[in-house]
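Protein chains: 2
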Amino acid sequence: MSTDYSNGDCESVHQPLLHSGRSRINSTSQVAIVGANVCPIESLDYEIIENEFFKQDWRSRRKIQILQYVSMKWVLCLLIGAIVGVVGFFHNLAVETLAGIKFVITSDLMLQRRFLLAFVVFCSSNLVLTLFSTIFTAFIAPAAAGSGIPEVKAYLNGVDAPGVFTLRTLIVKVIGSITAVSSSLLVGKAGPMVHIGACVGSLLGQGGSKQYGLTCKWLHFFKNDRDRRDLITCGAAAGMAAAFRAPVGGVLFAFEEMASWWRSALLWRTFFTTAVVAIVLRSLIDFCLSGKCGPFGKGGLIMFDVNPTSIDYHLSNVLPAMIIGVVGGILGSLYNALLTKVLRVYSMIHEKCIQYKILLACVISIITSCFIFGLPWLASCRPCPVDAAEECPTIGRSGNYKKFQCPPGHYNDLASLFFNTCGDAIKNLFSTNTDEEFAYSSMFTFFISCFFLSIFSYGIVAPAGLFVPNIVIGASYGRVVGMMVGKYFTLDHGLYAVLGAASFLGGSMRMTVSLCVILLELTNNLSLLPLVMVSLLMSKMIADAFNPNIYDIIMKAKGFPYLKNHVEPYMRQLTVGDVVTGPLHVFNGIEKVRNIVFILRTSSHNGFPVVDEPPYSEAPVLYGIILRDHLLTLLKKKDFLSAPMAIGDDAFKRFSADEFAKKGSGNSDKIEDLLFTEEELDMFIDLHPFSNASPYTVLETMSLGKALTIFRNVGLRHLLVIPRVFNGFPVVGILTRHDFMPEHILGLHPSLERSRWRGLRIKLPFRSLVACK
Amino acid sequence: MSTDYSNGDCESVHQPLLHSGRSRINSTSQVAIVGANVCPIESLDYEIIENEFFKQDWRSRRKIQILQYVSMKWVLCLLIGAIVGVVGFFHNLAVETLAGIKFVITSDLMLQRRFLLAFVVFCSSNLVLTLFSTIFTAFIAPAAAGSGIPEVKAYLNGVDAPGVFTLRTLIVKVIGSITAVSSSLLVGKAGPMVHIGACVGSLLGQGGSKQYGLTCKWLHFFKNDRDRRDLITCGAAAGMAAAFRAPVGGVLFAFEEMASWWRSALLWRTFFTTAVVAIVLRSLIDFCLSGKCGPFGKGGLIMFDVNPTSIDYHLSNVLPAMIIGVVGGILGSLYNALLTKVLRVYSMIHEKCIQYKILLACVISIITSCFIFGLPWLASCRPCPVDAAEECPTIGRSGNYKKFQCPPGHYNDLASLFFNTCGDAIKNLFSTNTDEEFAYSSMFTFFISCFFLSIFSYGIVAPAGLFVPNIVIGASYGRVVGMMVGKYFTLDHGLYAVLGAASFLGGSMRMTVSLCVILLELTNNLSLLPLVMVSLLMSKMIADAFNPNIYDIIMKAKGFPYLKNHVEPYMRQLTVGDVVTGPLHVFNGIEKVRNIVFILRTSSHNGFPVVDEPPYSEAPVLYGIILRDHLLTLLKKKDFLSAPMAIGDDAFKRFSADEFAKKGSGNSDKIEDLLFTEEELDMFIDLHPFSNASPYTVLETMSLGKALTIFRNVGLRHLLVIPRVFNGFPVVGILTRHDFMPEHILGLHPSLERSRWRGLRIKLPFRSLVACK
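Protein sequences, first through last, are from chains A and B. According to full-length UniProt numbering, the first sequence is numbered sequentially starting from 1. According to full-length UniProt numbering, the second sequence is numbered sequentially starting from 1.
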């Protein structure tokens, strides 16, 4: 079966590496760690299953139904936008209120100079909030832990890890994120908001949660993976838009970072969704500005107005932007590397038992409280500047100049950063005309502590984002750089902080356009654009040389079989035939129930080729492919044929399209639950109307790289491999996502591991992560 | 060959519609109108041709060469950005200077009350500029006429119309656009700038222009369609960024409107390119601000600062934004419809002879001059406002209050709009706190005249964009709406103008995110965002019901076989076998020179399947596909084999990869130029090392919709169709771009035209456009 003309080839890599290995089994890990659970992974069917049944359903739809479908799409986007906007607003309000009360009580005690009591109150309130968040997450929905962005990204790539988009996860994520953020842990809310948005999209698309009886029958059009994917993309965009009040940034984030497939119609719909978010937020803020939302509820979401008048930068200022970019790239990749190590240690702790998880969170919370309360004592009090634009020191509200333990007329610069919510700290760092406000030592202490606190806080079992901590870290080292080189350039130190935030985010998350737009929308200042671009590009370029972006690392650590767009060089040297594994289970066009039940019970495959064999055709002919789900539906209905004959049009009378709709996650049928009598087992099913008669196929001599291109670009779950020379059987095997995983390919062909066809990336010891799973 | 089980189907559409039509020829038009020439169209090879030769070339590349390739990519992006930035800046400077001199001379004459002379000077200078632009374009590079965006968009879709990206076109486009814009014609510069950017990208990628001896040998890595496509995408983004000083908008424009294929790496590179543009522009403007660029050269590109303090909008203001959106959608689609009609008339005039083209341009120029000079006389003089923020009337420079014929202390509001460059007119319309400046009648006159002037100006044979005229039209009717409904809402009239511009652009061009970002970057005001989004979405939604976007209409009129991403419903009812046409020319793995020459001479196909037949294999086996270009290279070299035997490794010694590199456009070899002796004709060529051994294939029973999905998503030129049942020959036919054109499919199956599977769009009489071609 090998190519006749490859014999003269000089490179051994090109020799067929696998001659008769079809009976080997693909043993690439097919489970993932979601939250703290290990759960089986399913791929998603993003392909349109074009069987007779689907076509008939399509034909029977009237124009009014098609219009209904199209308009429902828009209504769902509207709903997603509105719900996510409201959730985002209340999330912010709740955090402001909880954290506000905590800081006011503590500050009052400190004004009375009862410092120890203040510490006890501060520390214990933080501990209680953390405990609440952790226990809630660990016991009710472990899938809600962490940022959620890796899970959503994997889903949009076609990896379905159960429990990620349930109503339960949604509720835990909202409440857990509010308490975690208000507990002064260095965790963000952007990641959880993205996950919340995706959950809302998914739940709306499947018509609510079946488990809690909240379902709508009229949403059955959306019961397929394609439409659900679109809704989840819209939800993710809405989440990001709500977190930072950045509607365009949200769309770009969904496009650049989250989505694996994109179509122009989707751009338009995500855009609509985030526009709704923006309008909902704007009107709720308008409502709150009149003081109806409690003492702390100004309702303003994070929005750091960088004073536009102070920016008069010239070409020479590109240099400090580049310096910050280089530093940001190095620090960002270092951050990724350290975070990976810490997550590995944490996951070992988490595996032990649930008490350990909670204990770990408590320890982190206490350490954080000690840092926040203790470190400002090391900073010396600074006299208030004479020409300060605002009250100094600020007492009883957020502001640039925190009094802390200082005498009147003085402020503690480190407390202004530490003893605050993250949002206020960022506001202080970004503020302009405050070049003299912070001491060198304070900035440095703040930067170092945030860097490590953030690394140690992310992995605890609570909803925790990385975006806001990264901005804090980046802004603080940006200011440090500004203090060091500032005198040679004309930039304000607040702008250095913005550039620092951009470069650190770029170094850790590796987004470009979306990050740029999000930062511009955050700071409401477009004239920063060219400098932000320079910093971002430098840092991404530097960091890419060291390791992948943080979400990819986390996805790999969690075991998601994420399908990259990039074709590794060694894939061009292999053919499809070299990696396809067996055993291959094939059904006849008209198949005995007994065979179907047997194969479903003994294999875990999700798609089976349907082949017409003699006597039903002259020679074995590939008819199509049938999905496990659809077979289960057929078996469940028990509407079998007593003799092997074509069912024809009867199929459309006996079955309805609804029965073949994709079940909500976790609700799919199982073959073990179905029981059959001997009589039933001897009957037949005509699989033709239910088989996808247009499966994508590749010849076995196709190069693996090209097969990956089609698999990824078209968004497939199964790719049939057909023989080059017809030798009796029309199909050789099925390629699935796992067959393209580097671990699988390198496992089959260990010689490639050492060959020079591996990538060019400078390797740090990350690959061991996969092995340890 | 038809499916056994489809007989029971009730719809005739599903019956195989074509049983033995493989010998029919695809007669879909394969020529396009570019400029005024009719020229043959070629498809581009965006697929990686994975033949033995390519693989060997890849293997022989050392790490240093790969690094060189990667770094060259970035260097080229840097160069594109720098060149386009400089061109954009000088374009702007030249227009400002030319138009400035013209207006100052005319105004001076008017101050002396020599009105007739002023008109003669104004009109004749416009005429001379128009004539220069037209003659230059018509005689030297007709492909430079028009906007250029449709040509670039078609190229990025895989359609290569010759002459679009030559050095000659570039030069004509730059000079022609400068003169056309300064001649007071209502044409824009954004479209030409995008084309200029794309030309720069293409020329750099192919290492300069061969025709003029400007080539670099070390750019041979980029001599393929894939890399050239990436560079052209970067160039288009840079062009848009330079036209509006909108770097993020440029990237999004390239992504949303121009590109048909996108990968994440490209996002990063376009972003880098536009960052370079932004920095180059910024530094050149800095240089000019010190007055070194002549009396008119402030160097400021269009940048309409909308005063942020005046925006305090509430939820209630969403209503006027929606009204403006609806009106914009209707006007935009009407604009598209009228423009189409006018273009059709023009193209008939243009076909006659070159004098007619020039005459037409002269007529348009004179009419425009008359409108601009004549209409302000109808407006009554208005007294200067007492509290005007700037000098009133403004004399000798641009400003809100033009004196024109008015007595001192008065201004002519219509002249403030008309008697100005487009940029200044937009600035006036967008300016805030000027609610009382314009009279109802003046605004209405201005709107109507611009609407029609723009429609009649676009089609002349000169570089002419649509973006800026659309902004002018949109802004003027936005102000009209503002005047009508303004008293019920709290928005400033300047903001109505911005919303009007957004909605009209949305209605005509149908972009969403990119337009939104471009407008924000133009007005430098982020707080407008939610309202702009609402207007855009409304107008796009309304307009989409009537006709496609203007660029798609122009592409269709020009005859580009643009491959849409959208699968028409009837495509799901057809199989690949129903549309594939013949005759199919196949080569043996080792083929006689005579056969190759004969087939190349008698057919115009660009790809040929290579089949190994007995005695070289047991049964006919598909080996791969070979391109016409590569066959021509092999023939040209005349390194034939005297006997039919495998060439093996010898191939890599006899040929070098450079020889198979894609030639620059217009430089490809022709079979007619090659002559062979009888002896040579009887020799052989081993095609194996040069054939793409991994061609993409589909089964003939695959639904056409799915075949289109793979064709479009993977970016193919040829898609091989293989038989479902092996009946002696391993390949049935080849699908190309033209086989997916609705005209071709509907031509083969006229019954579909009337079936209900056509789209749902409300049909206006545009379809006739295709027929008239």
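Rather than coming from a laboratory, the hints here were simulated on the basis of the structure. One thing to keep in mind: the hints can contain errors.
[As the list claims (entries may be wrong)] Taking lysine-lysine and the DSS-like style, the derived pairs with C-alpha atoms no more than 27 Å apart in a straight line are:
{"id": "1", "chain 1": "A", "residue 1": "Lys-564", "chain 2": "B", "residue 2": "Lys-670"}
{"id": "2", "chain 1": "B", "residue 1": "Lys-55", "chain 2": "A", "residue 2": "Lys-63"}
{"id": "3", "chain 1": "B", "residue 1": "Lys-73", "chain 2": "B", "residue 2": "Lys-556"}
{"id": "4", "chain 1": "A", "residue 1": "Lys-564", "chain 2": "B", "residue 2": "Lys-73"}
{"id": "5", "chain 1": "A", "residue 1": "Lys-564", "chain 2": "B", "residue 2": "Lys-352"}
{"id": "6", "chain 1": "B", "residue 1": "Lys-564", "chain 2": "A", "residue 2": "Lys-55"}
{"id": "7", "chain 1": "B", "residue 1": "Lys-352", "chain 2": "B", "residue 2": "Lys-556"}
{"id": "8", "chain 1": "B", "residue 1": "Lys-564", "chain 2": "A", "residue 2": "Lys-73"}
{"id": "9", "chain 1": "A", "residue 1": "Lys-73", "chain 2": "A", "residue 2": "Lys-663"}
{"id": "10", "chain 1": "A", "residue 1": "Lys-564", "chain 2": "B", "residue 2": "Lys-564"}
Now the hints, each set against the structure:
1. Lys-564/A / Lys-670/B: Violated, at roughly 41 Å.
2. Lys-55/B / Lys-63/A: violated, 51 Å
3. Lys-73/B / Lys-556/B: Roughly 33 Å separates the two Cα atoms, so the pair is violated.
4. Lys-564/A / Lys-73/B: holds, 22 Å
5. Lys-564/A / Lys-352/B: violated, 54 Å
6. Lys-564/B / Lys-55/A: This hinted pair holds, its Cα atoms lying about 22 Å apart.
7. Lys-352/B / Lys-556/B: holds, 21 Å
8. Lys-564/B / Lys-73/A: holds, 22 Å
9. Lys-73/A / Lys-663/A: Measuring from Cα to Cα gives roughly 19 Å; hence the hint holds.
10. Lys-564/A / Lys-564/B: The hint holds at about 25 Å.
When the structure is compared with the earlier hints, violations turn up for hints 1, 2, 3 and 5 and for no others.
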